[in-house]
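Asks: For reference, the chains in residue letters:
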Amino acid sequence: MGDSQHLQGERGGASASRHRTDTTLRVNGKPHQLTLDHRRTLLDVVREDLGLYGAKKGCDHGQCGACTVLVDGRRVNSCLLLAVTLDGSEVTTVEGLTGEGPTGDGEQPHPLQQAFLDRDAFQCGYCTPGQICSAIGALAEAAAGHPSRVTDPRAPSGRAVPLDRDEIRERLSGNLCRCGAYPRIVDAVEDVIA
Amino acid sequence: MVSTVVGAPVERREGLEKVTGSARYAAEHAPPRRVWAWPVPATVARGTVTAVDTAAAMEQPGVLTVLTHRNAPRLAEPDDATLAVLQNPRVPHRGWFVALVVAETLEDARAGAAAVQVSYEPEEHDVSLTMTHPGAYVPEEANGGYPAATEQGDPERAFASSAVQVDADYRVPPLHNHPMEPHASTAQWDGDRLLVHTSSQGSTAVQTVLAGLFRLPEDGVTVVAEHVGGGFGSKGTPRPDVVLAAMAARQTGRPVTLALPRRHMPAVVGHRAPTLHRVRLGAEPDGRLTSLIHEVTTHTSRIKEFTEQAAVPARTMYAAAHLRTVHRVAPLDVPSPSWMRAPGEAPGMYALESAMDELACALGMDPVELRIVNEPETEPHSGKPFSSRHLVECLREGARRFDWAHRAPRTAGPLRIGTGVAAAMYPVLVQPSTASAGACPDGTFLVRINATDIGTGSRTVLAQIAADALGVPLERVRTEVGRSDLPSASLAGGSSGTASWGWAVHEACTRLTARLATHTGPLPPDGLDAHADTAGQADADSPWARHAFGAHFAEVAVDTVTGEVRARRLLGVFAAGHILNARTARSQFVGGMTMGLGMALTEGSTMDAAFGDFTQSDLASYHVPAHADVPDIEVHWIDEDDPHLNPMGSKGIGEIGIVGTAAAIGNAVHHATGTRYRELPLTPDRVRRGAGF
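One line per chain: the protein sequences are A and B, in this order.
Every letter in the first sequence is one number past the one before it in the UniProt record's numbering, and letter 10, counting from 1, is 10.
Every letter in the second sequence is one number past the one before it in the UniProt record's numbering, and letter 597, counting from 1, is 597.
Think of the hints as simulated: they come from the structure by calculation, not from any bench.
Every clue listed holds true.
Distance ranges between label pairs, derived from CB positions: (1) A:Glu-107 / B:Asp-685: 43 to 53 Å; (2) B:Gly-692 / A:Gly-99: 55 to 65 Å; (3) A:Glu-90 / B:Gln-537: 51 to 61 Å; (4) B:Thr-43 / A:Arg-165: 43 to 53 Å; (5) B:Ala-412 / A:Asp-118: 33 to 43 Å; (6) A:Gln-114 / B:Ala-609: 44 to 54 Å; (7) B:Thr-4 / A:Arg-165: 28 to 38 Å; (8) B:Ile-372 / A:Arg-154: 41 to 51 Å; (9) B:Glu-218 / A:Gly-99: 43 to 53 Å; (10) B:Ala-412 / A:Asp-164: 13 to 23 Å; (11) A:Pro-153 / B:Thr-4: 53 to 63 Å; (12) A:Gly-51 / B:Pro-441: 32 to 42 Å.
Quick caveat, the model's predicted, so the values are computed rather than measured.
Glycine included, every Cβ here is placed at the ideal spot set by N, Cα and C.
In isolation and in its complexed conformation, chain A is listed as follows:
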């Protein structure tokens, strides 16, 4: 792992070294070897150890969804996961969604990020990275045939679930937005489905 970084999971050195374990996480395609306090959540690792502040802390209790990231392709509340349990996992944060531009000369927003811009699907922006990561996870779940509470029970199992507005609303209900951008967020998600 030539390009890997070894980071002290806790800076400052004054903390006791007990209850810490070496852990490897691959974050946005890049491997990181970390020595982690067992109490440290994935959210605090990406924010405070890796400087990826796109994942937001809204409640720290899995109630708001602002911290949503993808772990091995599935959306999770990163504030509820102890990072030490994720050794070897692949983590994608909102910073990992952008791609190289067509000319390779800069960042190109993910189509869903672009749709959020086009639809003005945010105001303060604090829930936005979580909404975007959650929607990407939700699209993958629907494509894999996972039903939601509003899915027609007669729908054949194992087939991709088509997402109408009610499906999108239901599946994104773990991501709170106090500015009230919900209708615009649904518009944006519909844009990338279409």
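Fit chain B to the supplied structure of chain A, relying on the hints for placement.
Replies: Here is chain B on its own, set in the frame of chain A:
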């Protein structure tokens, strides 16, 4: 003539940073050697701290210090008593911070806080508000500087002798702002200079307050609020987090971040105080009001008088010759209430507009028409002419778009479906601000003002205003906002931000244009600039009554089995002067209506009488609307040409969306079920309990 960009649906300038995660909020500034603070809240509702045992906390790994009232830096006495943190052993309410742990990591700080042992001498407490609370009094002023009581004519006698009467009590519970970004501050000292990044709606005010508390010259304090994750009033003035972070940084000599845990917020960042309303309406058989009496009882804390001005809208809304409004406030052992989106108007218009619906039912009259026949010629309370008032147009336009004429209630399986209407109003507020505008040799223009973007899109709309005032394309205008070392400006609150800042920006740009017109030859290397200060202008008394108005229409389905109320359609029409950015304005209106939907159906907090704290203190128990709660929301506006406002002709739009929404929904529930509920929120248990089905 360059074509105008004011009004255009321009994209927000910081949008890409927000969707890619590179926008930095207050807790996300990580200076080298930064450490973390974690507060310890009081566990009694009233009393005195007798001892703080910090030994176990100090033994925790990583803990650097524990601040208490014994060792914390002494502050100058603040105007706002909620900022006098760790200055004395008194506990004015449960959740008041009694200690602060500073440690190397978040985990260390949290563990340290859990290990602090605080002893109290508790006292009997009273946190229960009633309409007849013996401690309630009529203050001199309610929030906003309004007189607490007004009376004209003989409202009691006129009510008693009116042909049709409504006399109803309404209750709005405590509500919490809960912006998605918790209140957070990162503070660092360089000698006697203080730099803080804080989540605030106005960093000029934070700078002034911190300079006072720490006895520093104002230019020794720099406050940055570049991106702010919502505020809704709760970040309108500095809150304890910024004071504690600055104290902790001074004490430890390290930069300190304090981000409030979500569950600590309701007790220390302000809340919408509960309001108990009695509304009496007396009318002629044709619907014309003869008497309007709105009485409000609310609570405040023991350390700060804040009176939610919920009876104030009744002074403006309807033509009643006999009018009385009064606020009573009871100081209790509760957290200090403060601003939450449309303080006064939001709960007050819930009560008044519900009562108007009751009156329409009593008269057998269409509730839209009832409002129209009570349209006043001049502002009822002041007698001033309205600078512009298009409430009737909003009601008619909304009724047409909503298909109000075909509103008969209907049944679909277990669902009862009904519709409701309510009016909205919000005053035009504007504050003095300063701004500078500069012309750069490269052909661009730089506008500098300490405006704050809490999600409204102020960078964007100020650039639009500047581009038009300068007569240049929008792309050539840059804006700098969100730092106290920029020209000082008022806060993003009271729906006054764009009017206040835009006025100063417009003025600076107009002056710059004049300078450029007389300038010959190339620009000097530093460019040319111009400054503006709207003091004396923006805050001058107006001979006009200036308010925005609007109308809400709602369709709800009430489940007769579960008692669940769901909003199926919400439609708002607003008249708020010129709309300056159609894209971001629509988002604000929709956002306000969404918060109004929460107020109607899901949001409610409870003061626990025994423990003296808010039972619903986090987002699992305090239900802000989620995606699945929110239908598609339709918003329209009527453009007003009002020359009595400001150079842009705009009224504020940040709050009017929440005003009236809850009444429209409640009225729709009555239309659907025949049951009149008078206490928010309309949760399934409450709806089932009161139901006739």
